[in-house]
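Enquirer: Given next are the chains, with one letter for each unit.
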Amino acid sequence: MTTSLQEQMSSRTAQAGTCMSLQDVTISYGKFEAVKNVFMDIPCGKVTAFIGPSGCGKSTVLRALNRMNDLIPGCGLKGRVVFDGYDLYDKRIDPVEVRRRIGMVFQKPNPFPKTIYENIAFGARINGYKGDMDELVERSLRKAAVWDECKDKLKQSGLALSGGQQQRLCIARAIATEPEVILMDEPCSALDPISTLKIEETMHELKRSYTIIIVTHNMQQAVRVSDMTAFFNAEAVEGGTGKVGYLVEYNDTEQIFNAPGQKATQDYVSGRFG
Amino acid sequence: MTPDIPPALLADQFTLRRRPPSEKLVDLGFRQLTLCLASVVALLLLGIFFTVLHGSEEAFHNFGLRFLTTSSWDPVNEQYGALVAIYGTLVSSLLALVIAVPLGLGTAIFITEDLIPLSLREAIGLMVELLAAIPSVVLGLWAIFVMEPAIRPVLDLLNQLLGWTPFFNTVPQGPGMAPAILILVVMVLPIITAISRDALNQVPPELRQGAYGVGTTRWGAIFSVILPSAVSAITGGVMLALGRAMGETMAVTMIIGNSLNFNLSLLSPGNTIASMLANQFGEADGIQVSALMYAALILMVLTFAVNVFAQWIVRRLSLRY
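Chains as they are written, first to last, in the numbering used here: chain A, 475 to 748; chain B, 62 to 382.
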């Protein structure tokens, strides 16, 4: 079962086709539109970064990709998010299944109040993993580059680890469910530079087998880890109360940072605002 | 910052750098005052404990530990044993918990999850809290005139179906253990629900998101992540409820039947330590007073043990968090 999954994954990586496609996506909280009219094709097997000033809706878009926004009352989405040929917001789609295939790492490290071992095994068991659990735990922790720090305390609480280790534990937890895509919502914002570096190294390893989409406030990080970059911005709307976010530009990371097509992008990446 | 004021002049504006002795005295006085107030509580507790201990000395001398295992309560021959009351106290409060914990925890889960609109959830929460505001004598009256007649057919059925066990082998006839247990459920339900709700609300939303993020269902998230994170606080609440149930007097006295004969059956009249004290203290004299004090001491020790056990459990469980 595992091998067939891996085969599938490698074949998908080889095609390097489109993994997720956002088609005219508008997300609103109640009456207030948070981000509107986003068109975007996210490639398979690459790291795509979302950058932009606070309140531009980049996290909102990210959370829409595995229907995490369902948990927020009053949050609605118009348009289509196509993944593997399905519209994720189709009525027949089960959001739980979506999240099993599209994993997520959050801004704040949030290991479960269980042992390190259980933190990893929990998600795998939910997803019906039938193989050798010890082996999976070790493999996931190794992939997330936290095995050496954890191997002697697998039976200790995940909360006994440092912040950076906790975050890598959370990455291992996401990997253990063998998702096809991993979403990362500012995964390093609560971490020190050394932990950040370790997590970035982890990402380079991970993109061999997974598609990664990361939201980051740190532009250097976007340059270091991503292949594609999407720049979001927010503008005040006439008659509205707040700002509404929109996608300004989406291109190869090199293009975005060296020769952006829009002036707003140029201003942002050169540090003139934001 | 206004740059044109010379620093020396600015420094003169501050007059309180040196604390006057009066201010220090006030600080000290306040600390002593809080110390006194805090000790009053401790002294009160010790005072009550020693009064009860002293009062029970005579009975302890006469009956020893036999008091705990014999069930005769005979003022004429001055023979006393508290087994009926001890059994009633333990059984009624524990069985009340067995019913109230799933009910209260279920309510708490229901009103902390977004299964129904927020306004409805708040209304239910408020109603549960209002339940705690009903005076126990009112609940007792309700139990006598409304609840007990209403559940009589059910108790009859229990007697017919399970009459072969010692716990249901008497015919229900008005007051008894079973209605007393049910009224205790009503009384401890608000405590369990309110504390569980607060505990569940305090589970960080990140944990819930994390659970959903690995692909759990709602029930998976509740039972595998949210409840385990809140379990220490919930256990604390349950133990508080147990203490309350063991000490509850008025409503229980009104409905339990105050029987002095030992009977295992839940359908027969029984007694608890608290209701026995309430019933007999007024007319008691001589060694009967001492026997009642002895019973009170047992109740105090029991509730104390429950509280210590609760704190131990809370500490054990919260270590895992």
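Think of the hints as simulated: they come from the structure by calculation, not from any bench.
For glycine and all other residues, C-beta sits at the position ideal for the given N, C-alpha and C.
Hints should not be assumed to be uniformly reliable.
Per the computed footprint, the stretches of chain A lying under chain B, defined by three or more beta-carbons under 8 Å from a beta-carbon of chain B, are [said to hold, decoys possible]:
id : stretch
1  : 567-574
2  : 584-590
3  : 659-672
4  : 689-696
Enquirer: Now tell me, hint by hint, if it's right for this structure.
Expert: Tested hints:
no., hint, in the structure
1, 567-574, "holds (count 4)"
2, 584-590, "holds (count 5)"
3, 659-672, "violated (count 0)"
4, 689-696, "violated (count 0)"
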